[in-house]
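S.K.: Heads up: the sequence lines are chains G, D, L and U, in that order. Sequence positions in the first sequence follow my numbering and run -15 to 198. Sequence positions in the second sequence follow my numbering and run -15 to 198. Sequence positions in the third sequence follow my numbering and run -15 to 198. Sequence positions in the fourth sequence follow my numbering and run -15 to 198.
Because the hints were derived from the structure by calculation, they are not lab data. Watch out, some of these pointers could steer you wrong.
Stated by the list, open to error - Derived lysine-lysine pairs resembling BS3-like cross-links, with alpha carbons at most 27 angstroms apart: (1) U:Lys191 / G:Lys191; (2) D:Lys191 / G:Lys191; (3) L:Lys60 / U:Lys110; (4) D:Lys110 / D:Lys73; (5) U:Lys110 / U:Lys191; (6) G:Lys142 / G:Lys73; (7) D:Lys142 / G:Lys110; (8) D:Lys142 / D:Lys73; (9) D:Lys191 / U:Lys191; (10) L:Lys73 / L:Lys60; (11) L:Lys191 / U:Lys142; (12) U:Lys110 / U:Lys142; (13) L:Lys191 / L:Lys110; (14) D:Lys60 / G:Lys110; (15) L:Lys110 / G:Lys142; (16) L:Lys191 / G:Lys191; (17) U:Lys110 / L:Lys142; (18) L:Lys191 / D:Lys191; (19) L:Lys110 / G:Lys60.
Protein chains: 4
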Amino acid sequence: MVEQFEEMATGIVSVARGFYARGWLLGTSGNLSAVVQREPLRLAITASGVDKGELSSEQVILIDEDARLLNEYPGKPSDESLLHTCIAKQRGAGAVLHTHSIWNTILSDLYANDGGVRIEGYEMLKGLAGVRTHEHSEWLPIVDNSQDMPALAETVSKILNEHPSAHGFLIRRHGLYAWGENLAQAKRHVEILEFLLEAMGRAIEIKQSELNRG
Amino acid sequence: MVEQFEEMATGIVSVARGFYARGWLLGTSGNLSAVVQREPLRLAITASGVDKGELSSEQVILIDEDARLLNEYPGKPSDESLLHTCIAKQRGAGAVLHTHSIWNTILSDLYANDGGVRIEGYEMLKGLAGVRTHEHSEWLPIVDNSQDMPALAETVSKILNEHPSAHGFLIRRHGLYAWGENLAQAKRHVEILEFLLEAMGRAIEIKQSELNRG
Amino acid sequence: MVEQFEEMATGIVSVARGFYARGWLLGTSGNLSAVVQREPLRLAITASGVDKGELSSEQVILIDEDARLLNEYPGKPSDESLLHTCIAKQRGAGAVLHTHSIWNTILSDLYANDGGVRIEGYEMLKGLAGVRTHEHSEWLPIVDNSQDMPALAETVSKILNEHPSAHGFLIRRHGLYAWGENLAQAKRHVEILEFLLEAMGRAIEIKQSELNRG
Amino acid sequence: MVEQFEEMATGIVSVARGFYARGWLLGTSGNLSAVVQREPLRLAITASGVDKGELSSEQVILIDEDARLLNEYPGKPSDESLLHTCIAKQRGAGAVLHTHSIWNTILSDLYANDGGVRIEGYEMLKGLAGVRTHEHSEWLPIVDNSQDMPALAETVSKILNEHPSAHGFLIRRHGLYAWGENLAQAKRHVEILEFLLEAMGRAIEIKQSELNRG
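Just chain G, same shape as in the assembly (with noise of 0.2 angstroms):
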């Protein structure tokens, strides 16, 4: 289980520095998760408070089915890590990340009366697994912002039972939770649902601009 362990943390890492430099990670927000080992569910995972952006391969820790911490380590596992492991038990994922960008937050907050974002008709969506044509529809749940973790854990199930063929879901103001297989797809998922999502956004004030221009 190390050598997997150590495997996971290493592709943690790079996937961490660069969803850094694209401002996804900043200020040591978001998380990144795989999992080494399904039973008993251990995860590699980073630990609270980071930089992402001078992420090392010891900072990425161990962590059991109910997010506590077990290899050495000086700090604690976020907060959060409750919600990847429920991802990872829920979902069968392998790796499970946690971005914090502009247009997720914006986009969060501008549909979370509609609970959720319809993103369709984007040749971009046949990157997220299954999906075989731009025609699909994906609906990207929001849930609110919570800090009582095991309650968001519970909203998080929740969701991810009523909307089984969702590849991720935004929280309130808060950030993106998107899933894979393993590491690369999880990675993929997340690129693609950043650039739609960024790609919405400016699609709103561009139309409405060349609308009132019409």
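Chain G is fixed; fit chains D, L and U onto it per the hints.
M.R.: Here is chains D, L and U on its own, set in the frame of chain G:
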């Protein structure tokens, strides 16, 4: 031919990493190809579903004019390889590049009903092969998106015939195709068209705001 | 103290290059400092007029609490060094960072008549020291710009007194000051405040467009 | 002079790569030059049509005051080299930089009928040589674009005479020219002017949105 293939693969990797950094190839989207041999046609092209930010030359494959895989590779050519061979043949292009950017996605939708985007009056246009003045008027055709690749290739072929001087085209809510006599020129064309689409998109927003101010 | 100074200089160089890449320190703008010794106060601070993208530790100088140069250096401390020593003393900060970003420039002007910007309801706020919930309401004071540094330092001192829990402040059409107990925390605070100012700025535009669509 | 030329070429390569990364020199656009010798005038300048992201010092050529190529090189000087020698002579500049950015393109068009852009009240202005206060009012003249280089050089010469304190000028829908007594100062001036044009462009959009909200 091996040497030529390796040279093209190395060039494709370099362009891919640069475009990925700009956010034009996120989520394994997009494809890049270069002609290795003209008769019979042989293309070096990025394999399906590979991360362009971590692309290695081993992920660049060799295909024939019907987009069939010719070398050993554990994956497959992208479905869109057919568009690459179509452009390489019909335009005599030495390289074909396909990007998914925020701005080409938005403008391909905004002007879809016009059948294309007219770009004129910009100095940047002079970077397109054969263009000598900013007074040039470039018509960037837009075709509807489709998952029926042979049908889409036919549409593209028709568009290329109808617009013999076009330097690229857009697929609605999908992306940009541009090409050149070699990889360097194709890269230049993509950078110019992406720049101009972004400049036009942002100009729509700002001019409207300026008008409202009165 | 030499060792401590060199450690601070190295840290400042690293933060400066990262912020420069994000466009927050263009044109030799901005200043970064870290406390080397508390009693008497000694600060390591970027010299005046140096390119932050090519900053070397030789361009980080040592000053006393009146912003006088203490080590050999062919240039001089920035006029704004007085604000750094003021913040270091009054807040007990271990590091003070001053950035010139597009969004802090715009919002410092947009909300100048209100005397500050209220930021609330964002998860990102939890990255500010002592903040435990997104329901936190942060008041980011705005002071008028001035070239009279002693006068500006006095204004800043007054603002710091009036808003004892503020994590930063804006100078109108000028930039952001933020600080922390050490360089890592100050960097985190800058990233969080810059992120939130950009998110708020873009949200104003998009919400207006959405309203117009109606 | 060889040593001086090589030093300038190395400096130009470094600035070019940085500006390319920011998107200010896409598609082989833009030109960068530095004075190698004043009497008779000798300029090191980027050759025509080279990729600024992969610029090597071999692609920096030596020209005289009439923009004639003086060293061995398989290409030719850019047509716009005449503007560089004009500015070097008339302003006594040690370096001249010409960028094509999104925001300088848009604002050069938006304010073309006014004949220039007035920039005032920003702290960033203090980074322009000789400016001591944010209360400075900078007039950035805009000239119409033309492919008749001798005519354009004459217009530029006239504009430089009419606005002796201008630190740069825009060519409509084309780009920015700025200069300095050496490469470092010219780079600083470009960064400052690009920053201010972007800040002003975005401020127009956001203030309008804010007004509409009422």
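S.K.: Are the hints correct? Go through all of them and say.
M.R.: Going down the list of hints, with the structure as the test:
no.	hint	result
1	U:Lys191 / G:Lys191	holds, 18 angstroms
2	D:Lys191 / G:Lys191	holds, 13 angstroms
3	L:Lys60 / U:Lys110	holds, 16 angstroms
4	D:Lys110 / D:Lys73	holds, 25 angstroms
5	U:Lys110 / U:Lys191	holds, 24 angstroms
6	G:Lys142 / G:Lys73	holds, 13 angstroms
7	D:Lys142 / G:Lys110	holds, 25 angstroms
8	D:Lys142 / D:Lys73	holds, 13 angstroms
9	D:Lys191 / U:Lys191	holds, 13 angstroms
10	L:Lys73 / L:Lys60	holds, 21 angstroms
11	L:Lys191 / U:Lys142	violated, 46 angstroms
12	U:Lys110 / U:Lys142	holds, 26 angstroms
13	L:Lys191 / L:Lys110	holds, 24 angstroms
14	D:Lys60 / G:Lys110	holds, 16 angstroms
15	L:Lys110 / G:Lys142	holds, 25 angstroms
16	L:Lys191 / G:Lys191	holds, 13 angstroms
17	U:Lys110 / L:Lys142	holds, 25 angstroms
18	L:Lys191 / D:Lys191	holds, 18 angstroms
19	L:Lys110 / G:Lys60	holds, 16 angstroms
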